[in-house]
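Those sequence lines, one after another, are chains F and Z. For the first sequence, position 78 (counting from the first letter as 1) is numbered 78 according to this note's numbering, and the numbering increases by one without interruption. For the second sequence, position 145 (counting from the first letter as 1) is numbered 145 according to this note's numbering, and the numbering increases by one without interruption.
Worth double-checking, as some hints may not be accurate.
[Said to hold, decoys possible] In silico DSS-like pairs for lysine-lysine, Cα to Cα no more than 27 Å straight-line:
{"id": "1", "chain 1": "Z", "residue 1": "K280", "chain 2": "F", "residue 2": "K258"}
{"id": "2", "chain 1": "Z", "residue 1": "K258", "chain 2": "F", "residue 2": "K258"}
{"id": "3", "chain 1": "Z", "residue 1": "K132", "chain 2": "Z", "residue 2": "K169"}
{"id": "4", "chain 1": "Z", "residue 1": "K5", "chain 2": "F", "residue 2": "K136"}
{"id": "5", "chain 1": "F", "residue 1": "K5", "chain 2": "Z", "residue 2": "K136"}
{"id": "6", "chain 1": "F", "residue 1": "K99", "chain 2": "F", "residue 2": "K157"}
{"id": "7", "chain 1": "F", "residue 1": "K280", "chain 2": "Z", "residue 2": "K234"}
{"id": "8", "chain 1": "Z", "residue 1": "K321", "chain 2": "F", "residue 2": "K258"}
{"id": "9", "chain 1": "F", "residue 1": "K321", "chain 2": "F", "residue 2": "K133"}
{"id": "10", "chain 1": "F", "residue 1": "K307", "chain 2": "F", "residue 2": "K133"}
{"id": "11", "chain 1": "F", "residue 1": "K280", "chain 2": "F", "residue 2": "K132"}
{"id": "12", "chain 1": "Z", "residue 1": "K280", "chain 2": "Z", "residue 2": "K307"}
{"id": "13", "chain 1": "Z", "residue 1": "K99", "chain 2": "Z", "residue 2": "K174"}
{"id": "14", "chain 1": "F", "residue 1": "K5", "chain 2": "F", "residue 2": "K157"}
{"id": "15", "chain 1": "F", "residue 1": "K280", "chain 2": "Z", "residue 2": "K258"}
{"id": "16", "chain 1": "F", "residue 1": "K280", "chain 2": "Z", "residue 2": "K231"}
{"id": "17", "chain 1": "F", "residue 1": "K231", "chain 2": "Z", "residue 2": "K280"}
[As the list claims (entries may be wrong)] Simulated DEER-style distance windows between Cβ atoms:
{"id": "18", "chain 1": "F", "residue 1": "R173", "chain 2": "Z", "residue 2": "W213", "range": "33 to 41 Å"}
{"id": "19", "chain 1": "F", "residue 1": "I38", "chain 2": "Z", "residue 2": "E34", "range": "16 to 24 Å"}
{"id": "20", "chain 1": "Z", "residue 1": "I303", "chain 2": "F", "residue 2": "K200", "range": "16 to 24 Å"}
{"id": "21", "chain 1": "F", "residue 1": "I253", "chain 2": "Z", "residue 2": "K321", "range": "33 to 41 Å"}
Just so you know, these hints were derived from the structure itself, not from any lab. The C-beta atom is built at its ideal place from N, Cα and C for all residues, glycine as well.
Number of protein chains: 2
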Amino acid sequence: MAGIKDVAKRAGVGVGTVSRMLNNSGYVAEETREKIEIAMRELNYTPNELARNLYHKRTGIIAVLVPNVSNPFFTEFVDYAEAELYEAGFKMMLCNTVKARNAELEYLDMLNRHIVDGIITGVHSLAVEEYKKIKKPIVALDRYLGDHIPVVAVNHKEGGRIAAETLIKNGCRKILHFRGSTAVESPYHERHYEFEKIMKENQIETYTYELEWNRFDTEYYREAVEDVFAKGIKFDGVFAVDGLAIECMNETIRRHLKVPGDVKFVAYDGTFITEMVEPKVTAVVQPIRALARESVRLLTNLINGKKYENKQVVLEAKLRKGNTTIR
Amino acid sequence: MAGIKDVAKRAGVGVGTVSRMLNNSGYVAEETREKIEIAMRELNYTPNELARNLYHKRTGIIAVLVPNVSNPFFTEFVDYAEAELYEAGFKMMLCNTVKARNAELEYLDMLNRHIVDGIITGVHSLAVEEYKKIKKPIVALDRYLGDHIPVVAVNHKEGGRIAAETLIKNGCRKILHFRGSTAVESPYHERHYEFEKIMKENQIETYTYELEWNRFDTEYYREAVEDVFAKGIKFDGVFAVDGLAIECMNETIRRHLKVPGDVKFVAYDGTFITEMVEPKVTAVVQPIRALARESVRLLTNLINGKKYENKQVVLEAKLRKGNTTIR
Chain F
1 MAGIKDVAKR AGVGVGTVSR MLNNSGYVAE ETREKIEIAM RELNYTPNEL ARNLYHKRTG
61 IIAVLVPNVS NPFFTEFVDY AEAELYEAGF KMMLCNTVKA RNAELEYLDM LNRHIVDGII
121 TGVHSLAVEE YKKIKKPIVA LDRYLGDHIP VVAVNHKEGG RIAAETLIKN GCRKILHFRG
181 STAVESPYHE RHYEFEKIMK ENQIETYTYE LEWNRFDTEY YREAVEDVFA KGIKFDGVFA
241 VDGLAIECMN ETIRRHLKVP GDVKFVAYDG TFITEMVEPK VTAVVQPIRA LARESVRLLT
301 NLINGKKYEN KQVVLEAKLR KGNTTIR
Chain Z
1 MAGIKDVAKR AGVGVGTVSR MLNNSGYVAE ETREKIEIAM RELNYTPNEL ARNLYHKRTG
61 IIAVLVPNVS NPFFTEFVDY AEAELYEAGF KMMLCNTVKA RNAELEYLDM LNRHIVDGII
121 TGVHSLAVEE YKKIKKPIVA LDRYLGDHIP VVAVNHKEGG RIAAETLIKN GCRKILHFRG
181 STAVESPYHE RHYEFEKIMK ENQIETYTYE LEWNRFDTEY YREAVEDVFA KGIKFDGVFA
241 VDGLAIECMN ETIRRHLKVP GDVKFVAYDG TFITEMVEPK VTAVVQPIRA LARESVRLLT
301 NLINGKKYEN KQVVLEAKLR KGNTTIR
């Protein structure tokens with residue numbers, strides 16, 4: 001295979017000149033460029049990308065870490081993030097951390113070893129201390145990982161308020177509220193705090209069911225729903241993440257209760273699955289495409305040398321009325 | 001930052017010795033290894049991965065190309081493939097080709113330029129000629145891309161037969177059959193051929209609706225379903241891919257027809273969404289986890305120098321009875 005020396009020889013220029021041209025690292029006359037290009041074509045020479053990366057200390061690869069790509073929120077995020085990264089000239093490496101416990105640390109290590117140029121992490125990390133040590137480009141999706149790591153999230157407090165007010169407006173008096181594990185430091189807890197605060201202010205009875213850490217699978221959701229019914233908990237309004245709201249709704253219908261007549265549902269995230277089932281689920285919708293766009297924008301800025309301290313990009317969640325609520 | 005020279009100096013050995021140890025490229029005495037390790041720790045030296053990759057011509061990265069990760073079949077495939085690749089010591093680069101038309105060729109180029117060690121492609125490629133030129137590790141998921149590229153797929157002929165027999169056994173006499181675009185060369189067409197052959201043998205009226213190329217989104221599925229109803233097509237049995245079967249079922253129910261009383265449905269793929277809706281959809285289930293495992297196994301073999309000619313790994317599809325058929 002032809003190398004850079006062969007190209008230089010055939011073009012009748014020095015190796016340094018070819019290198020300058022390939023790396024855009026200095027002036028090369030137009031006429032000389034043409035000679036080099038012709039020589040490259042004639043010799044069928046492809047620059048060795050690894051060698052060039054070594055020179056630039058850039059690989060053009062971004063790692064996106066999510067707990068589980070099969071969770072529809074993360075499926076949609078990954079889908080949009082890949083497209084946004086591609087637009088910005090990057091390829092996406094994807095890591096599912098639920099399936100391999102130490103993978104997260106391995107990816108942080110890859111950032112240190114120049115294999116990836118940056119990381120977008122939506123992982124439910126318990127390794128916050130590890131992130132604090134790293135001074136390289138990282139953006140957190142909906143997580144707090146230290147003051148130097150910018151956060152992109154929706155206004156969950158507002159999201160929680162919208163959900164609470166919707167169920168109250170629909171006349172619900174006995175609420176079943178599924179909430180995420182408090183082991184994770186995330187802005188998303190605010191939706192739960194706000195939801196419960198409003199219920200309390202309105203003296204509405206609320207049963208709170210705390211989910212286990214890092215469980216997002218349908219099977220677990222079914223177990224949780226069975227558990228609720230087995231405990232004999234009565235409710236006329238439910239607030240839960242999409243997949244869980246759907247499982248709970250299906251079980252409610254199987255038990256011959258009417259939706260929305262007897263029980264109302266408000267889901268959180270508003271991914272495609274809430275529009276795939278019948279009745280369509282009323283949902284607080286996260287703008288997932290915008291979350292992906294902002295994450296990529298901040299990360300690209302970091303890679304280009306910008307610094308952020310205590311930066312938070314906050315986007316708005318909106319209600320999309322389906323047929324699991326009456327008003 | 002400390003370099004290999006600093007490590008060599010501190011350990012009191014030559015640079016070549018440190019290099020041999022880092023690259024496993026020759027004998028280094030145990031005692032010397034220890035000295036080098038201590039020096040590396042003391043200097044906080046991390047080997048530059050890019051430099052090592054350059055040496056080994058391996059990056060440990062595999063590209064997985066899918067039309068759209070949001071399509072549940074590909075979501076599940078990507079999820080399992082990532083885990084299987086991780087087990088085999090590889091990281092996964094993910095590319096959605098529907099969103100960026102030329103991305104597929106770009107990834108083939110990355111394979112040539114040693115940025116990725118191999119490719120698993122499930123893309124509905126029209127660029128088959130490009131694949132024929134490449135002599136590097138590629139595995140095709142459910143696609144024909146030339147004799148030198150092994151194919152992993154399920155026995156679609158059998159899958160089509162199971163679907164046809166199920167609808168016949170349920171007494172259907174007017175079939176609506178949604179089929180993929182014939183522009184793509186794929187083993188999956190066999191399910192459609194077999195399905196229609198059996199319907200013909202049994203003198204059952206069948207309306208075949210051919211879908212557009214590379215459209216897998218819910219919005220398009222809804223359009224297709226509306227189109228069918230607008231055309232006044234009558235049917236008592238439907239065979240379609242998961243998402244489309246669900247959209248068609250929902251519209252059927254909205255039009256006050258009973259499922260499975262008036263219309264029976266058999267979905268193809270059997271992903272999580274067929275179990276998320278009510279009634280659960282009877283489906284021909286593809287063993288997606290096994291498809292991922294086999295794809296990774298063949299690719300790893302190719303990377304390690306094995307050659308395959310006309311290789312096809314064929315897995316079995318199975319019926320999972322839901323509540324959209326009676327028997």
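What hints, given by number in increasing order, does this structure fail? Result: hints 3, 6, 9, 11, 12, 13, 14, 18, 19, 20, 21 break, sorted rising.
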